[in-house]
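Student: Sequence:
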Amino acid sequence: EWAAAADVGEEDAITVRYGAGTLHQTALPSAGWMMTHQAALLDGQLTGREVLDGESLGMFARAARLAFDHRYATCGSDTDAWRECFEPGRLDRDRALVRDGGGVVGALPGVRVDGDTTSSVCVDGEGRAVSFIHSLAFTFGARTTIPGTGVVLNNRLGRGAYLVPGHPNEVRPGRKPLHTLNAWVHDEPGSGLRHVGNCPGGDGQVQWNMQVLSHLTDHGLDPQLAVSLPRLTVFPGSDADVVGERQEVRLEEGMPERAVGLLRRAGAPVVVTPPQRGGPGGSALVVSRDPTTAVLAAAADPRMEGVALTR
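In the numbering used here, each residue's number is its place in the sequence shown (first place is 1) plus 3.
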């Protein structure tokens, strides 16, 4: 009976302009709109800057914090509240906050519930692309399999929904909880596919995907460098398993010292971390397509196991 009650509909992608092209992201209950929100806030603001300069890191952090705060305050899988962040007046206000400064971190309330993600990206010789990501949530998921199949059910309800009465993302029967998984594609008019990618890593996903897209689009970096550069992570995000923990702006080792110093002088709670190899740091994958030659270039993140293959 529970299987018959399941409803998996086909949803249109969420799109926003970024650079000379269009960014396509997965719809609710995916967190895809959070990357497009950041892209809308950052479009045109990073071009011409040095990669990973202090101003850019500050803008990445502020855009991510605004996206997480908006998710926590208003969003659920069965509401249209996510669209509010794309209203022109709000975008203008938030773009000014991202550009000119303001709070880097928010103050999400201390509510909690008491790696396991696999992704792949494929592109064929004609430029058709698939970005796929799946997760059990917490190693063993729901610890329940579908009889006769061996398929383990995920635990996204336990990880992604809130124990907050009346919240749009509250735990309740039949809930499709918001989750962190998202997959993206970037194309340009007349050129078709330019870049496609994804990255496991909980609340880091929408942040790291945005940074990789910026490296590729704003700075023209090759895919391997784009996925390998040190990353910034605003922590916590808004996933239920981390909400309420101490606020930090985590910078992987290797960031320019001048940029780190600028963030600290601005009052950001900076924590420098080792590269997150083998841990929760995600494993970004990207395939880029040259619009002139149609040559494909693929890259796998050095932080975790992953490989780029051609045939």
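Fair warning: there could be bad hints in the mix.
With a Cα cut of at most 16 Å, we get these calculated EDC-like pairs of lysine to aspartate or glutamate [claimed, not checked]:
(1) Lys179 - Glu14
(2) Lys179 - Asp81
(3) Lys179 - Asp83
Simulated from the structure, these hints should not be mistaken for laboratory data.
Student: If a hint holds in the structure, say so; if it does not, say that too.
Tutor: Hint by hint, here is what the structure shows:
Of the pairs offered as hints, the one joining Lys179 and Glu14 holds, with about 14 Å between alpha carbons and a cut-off of 16 Å not exceeded. Restraint check for Lys179 and Asp81: satisfied, since their Cα atoms lie roughly 8 Å apart, inside the 16 Å limit. Of the pairs offered as hints, the one joining Lys179 and Asp83 holds, with about 14 Å between alpha carbons and a cut-off of 16 Å not exceeded.
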